[in-house]
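Enquirer: Sequence:
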Amino acid sequence: MSGGDEIGYAEAMAELESILDEIEGDALDVDLLAAKVKRASDLVKLCRDRIVRARSDVDAIVTDLEAFESELDEED
0 MSGGDEIGYA EAMAELESIL DEIEGDALDV DLLAAKVKRA SDLVKLCRDR
50 IVRARSDVDA IVTDLEAFES ELDEED
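Residue numbers (numbering that gives the first Met the number 0): 0 to 75.
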């Protein structure tokens, strides 16, 4: 999957849930099982990366806000 083809977190989660439903069901063709498991693994990694990136972004924003508040307190 190239950078331009990346899907969003919500779409990845929806696809992952769909794959899990297929795997848990009895109708999945055994020949497709490995491909479905591989895709599920890729989606889990994508979602984990998105969560890590979001956490980092939030931490940076909070740090900036704390620094801004400190500057305001020093001005008083």
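Keep in mind that the hints were calculated from the coordinates and are not lab data.
Be aware that a few hints might be false.
To be verified - With beta-carbon atoms standing in for the labels, derived distance ranges: (1) Gly7 - Ala33: 35 to 45 Å; (2) Ala34 - Arg54: 46 to 56 Å; (3) Ser69 - Glu23: 46 to 56 Å; (4) Arg52 - Ala13: 50 to 60 Å; (5) Gly24 - Val61: 17 to 27 Å; (6) Asp48 - Ser69: 29 to 39 Å; (7) Leu71 - Ser17: 43 to 53 Å; (8) Glu65 - Asp28: 52 to 62 Å; (9) Glu16 - Thr62: 32 to 42 Å.
Beta carbons: idealized from backbone N, C-alpha and C, even for Gly.
Enquirer: Is it true that the C-beta distance of Gly7 to Ala33 lies inside 35 to 45 Å, as the hint says?
Expert: violated (26 Å)
Enquirer: Regarding Glu65 and Asp28, is the given constraint of 52 to 62 Å on their beta-carbon distance met?
Expert: Roughly 54 Å apart at Cβ, these two residues keep to the hinted range, so it holds.
Enquirer: Taking 43 to 53 Å as the hint, is the beta-carbon distance of Leu71 and Ser17 inside that range?
Expert: holds (49 Å)
Enquirer: Should the hint that Ser69 and Glu23 are 46 to 56 Å apart at their CB atoms be regarded as holding?
Expert: At roughly 52 Å between Cβ atoms, Glu23 and Ser69 fall inside 46 to 56 Å, so the hint holds.
Enquirer: That 46 to 56 Å hint for Ala34 and Arg54 (C-beta), does it hold up?
Expert: With a Cβ separation near 31 Å, Ala34 and Arg54 fall outside 46 to 56 Å, so the hint is violated.
Enquirer: Within 17 to 27 Å: is that where the Cβ-Cβ distance between Gly24 and Val61 falls?
Expert: violated (43 Å)
Enquirer: Is the distance from the Cβ of Asp48 to the Cβ of Ser69 consistent with 29 to 39 Å?
Expert: The hint (29 to 39 Å, Cβ to Cβ) holds, given that Asp48 and Ser69 are roughly 32 Å apart.
Enquirer: Verify the CB-CB distance for Glu16 and Thr62 against the hinted window 32 to 42 Å.
Expert: holds (34 Å)
Enquirer: Between Arg52 and Ala13, does the beta-carbon spacing fit 50 to 60 Å?
Expert: For Arg52 and Ala13 the Cβ distance comes to about 19 Å; the hint is violated.
Checked against the numbered hints given earlier, the structure breaks hints 1, 2, 4 and 5 and satisfies all the rest.
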